[in-house]
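Sequence order for the protein chains is G and Y.
If you read the first sequence in my numbering, its first letter stands for residue 2, the second for the next number, and so on.
If you read the second sequence in my numbering, its first letter stands for residue 548, the second for the next number, and so on.
To be clear, the hints were calculated from the coordinates, so they are not data collected in a lab.
One thing to keep in mind: the hints can contain errors.
Covered stretches of chain Y, as calculated for chain G (at least 3 residues, CB under 8 Å) [claimed, not checked]:
(1) 729-737
(2) 756-765
(3) 799-810
The calculated lysine-lysine pairs, modelled on DSS-like cross-linking and capped at a C-alpha distance of 30 Å, are [stated by the list, open to error]:
(4) G:Lys263 <-> Y:Lys630
(5) Y:Lys810 <-> G:Lys262
(6) G:Lys84 <-> G:Lys32
(7) G:Lys250 <-> Y:Lys810
(8) G:Lys263 <-> Y:Lys810
Cβ-Cβ distance ranges computed for the label pairs, FRET-style [unchecked claim]:
(9) G:Asp193 <-> Y:Ile863: 46 to 52 Å
(10) G:Asp287 <-> Y:Thr561: 52 to 58 Å
(11) Y:Asp638 <-> G:Met279: 42 to 48 Å
(12) G:Ser27 <-> Y:Gly670: 56 to 62 Å
(13) Y:Ile562 <-> G:Asp193: 31 to 37 Å
Where a beta carbon is used, it is the ideal one built from N, C-alpha and C, also for glycine.
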Amino acid sequence: MLLELNDVSLSLKRDGKYVKILDEISLQVNKGETVGIVGESGCGKSMTALSVMRLLPEKAKLEGVINLDHEDVTSYSKRKMEKIRGNKMAMIFQDPLTSLNPLHTVGRQIEETLILHTDLNKEQRKQRVIELLNEVGLPRAEEIASEYPHQLSGGMRQRIMIAVAMACNPSLLICDEPTTALDVTVQAQILDLMNHLKEVNEMGIIMITHDLGVVAEVCDRVVVMYAGKIVEQANVKELFLNPKHPYTKGLLESIPKLGVKKAKLGSIPGMVPSPDKMPQGCRFFDRCSSAMEICKGKTPPMSSVGEDHTAACWLYEEKGGEMNGSSGSEGLEATLHN
Amino acid sequence: MALLEVKDLKQHFTIKKGFLGEKKKVKAVDGVSFHIEQGETLGIVGESGCGKSSLGRTILKLIKPTSGDIFFGGKNITHLPRKEMKELRKDMQIVFQDPYASLNPRSTVRTILETPLIVHGAGNRQERMKVVEGLIDKIGIRKDQLDRYPHEFSGGQRQRIGIARALTLNPKLIIADEPVSALDVSVQSQVLNLMVDLQKEFNLSYMFISHDLSVVQHISDRVAVMYLGKIVEIADVDELYRNPLHPYTKALLTAVPLPDPTKKRDRIILQGDLPSPINPPTGCAFHTRCPAATPECKMETPELREKAMGHWASCIHVHPEQSTKTKIHIS
């Protein structure tokens, strides 16, 4: 196990009050595995990543355990975090233009990581920069090393970001919408590169995206988030072929698929609740087509719905139905037993 | 007769480059011809910088075309004086990409929807309100929400308001420029469904501009693929997706990640990025990235030719008789 999140919650201060953004997130990433985190905007995907990297705003309250290589990093001091950030774990952001410094050559920006985390001398560092640029598939590496971000195209900049992240051979790479700002043909190049790097370096990757196509293409396992909570987790095939949570089903039905022409797309009514007005019970309740009485008052626990497949929904939790004895869930239990 | 017909339309922007004031031209739209029938949806796809948005704006004459002709309802509108053009704009409207930027934050939804009617002097206040109330009912916004401001609505609702605004004057053609790109998938599907319903109800024609090939496939009857200011392929939607002829279309289609982990395809990965439209490559503009390029492609500018019934492509290596052999299968 490379990374393990155990009941991680995050609260941020908003208007003098703490608002819970993440609620008991638990997930694992193994070596050489790509875990996708999907969900609509505002569901907490990026905050989960930033919590792992501890790149949080001031006065953020982080609870729970984050184990990286079997060591709890939540207790690490700022300085100790700086040591592993960029070294053991690295992150790639969505917009490659704003995440690169416009005043420095890209070569220098890659070198910076090496200065911070390695004992290489100047000559060796220069060599490693060229090596990295070649690794991420940039032609004429020596010239590019002395160019500035604005001289490069979007796809090239994202390759630079990947080179920066790869500089110290991290064991965990977090990618936050790495291809969203790119055109499809360039996206295909970058996804290809990431798959290749994963195989070569045996990294664990967290892939945050809203694009279910990207998930299907590169991920081994998928975590679906809704309103700050994980609602479903499964391996990628299982999730796409046999989705359990109504939210996951709704998401999958609402995307038009290439090669399949449908008259009408599915959709999810309503919108994501805001974090300071989270509804009681299941947070998806008021948008859910199979909502029952119990969903309104009680938060559904994560339950196993298949091999390596969990979902947080009362539809799959028999105990909840018995305990509350609500009329809605009885019918569903009957269908479950069939 | 086609509702909209565009002939050899060009939109060249002059930009200054370098401190000597040396002038250069960006050929954003470079000789584009197509037509849209009443009640039809033409999808325009292409990567950023291919000129698809400039094309939309040029057709509405929000920017003056450099050359070429635009016919709307059989009438040449290219050089129409301002006043007549204003009258005609009732029939052709636009929906923008960003629902956050395209609605005035200081106006209520009521004002936003009423303004086009006032500008075109339609009816008295009572009649106008009747139109507005009829419209919001169709887009799923309640009457009591009419006096709210745009920031009180979600992205999807805002985009529906943008669509309603385009509909107030009962247009025949709507140019939708990336109308769902800023929306989450679940909301995106709501807006797409709404657009399809409205099209049926009002017999609207859409020119649907998007970079998302799956969305375009879903909504379009015919699709045009653009590359560096030119249409490289145009055909019926099923034909284009099942049997793409131009190497660029093929690459685009295989580059789209499919939301199905059980399907693996042979992907054509293009090298490099879109060249700058300031200095487009000679000959076929795609030859620098084309896996099938030959020396002739550098020399000869291919023309858009009909390679099969209703299926036009601009590639010198696609011959009419070949067109049935090069199928790719997605599903």
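Now for the hints, and whether the structure bears them out:
1. 729-737: holds (count 7)
2. 756-765: holds (count 6)
3. 799-810: holds (count 11)
4. G:Lys263 <-> Y:Lys630: The given pair, whose Cα atoms are some 42 Å apart, is violated under the 30 Å limit.
5. Y:Lys810 <-> G:Lys262: Satisfied, since the Cα-Cα distance of roughly 17 Å is no more than 30 Å.
6. G:Lys84 <-> G:Lys32: Distance ~21 Å between lysine 84 (chain G) and lysine 32 (chain G) Cα, so the pair holds.
7. G:Lys250 <-> Y:Lys810: Holds - the C-alpha atoms of lysine 810 (chain Y) and lysine 250 (chain G) are around 19 Å apart, at most 30 Å.
8. G:Lys263 <-> Y:Lys810: holds (19 Å)
9. G:Asp193 <-> Y:Ile863: 46 to 52 Å: violated (29 Å)
10. G:Asp287 <-> Y:Thr561: 52 to 58 Å: holds (54 Å)
11. Y:Asp638 <-> G:Met279: 42 to 48 Å: holds (47 Å)
12. G:Ser27 <-> Y:Gly670: 56 to 62 Å: holds (60 Å)
13. Y:Ile562 <-> G:Asp193: 31 to 37 Å: holds (34 Å)
Of the numbered hints stated above, those contradicted by the structure are hints 4, 9, listed in ascending order.
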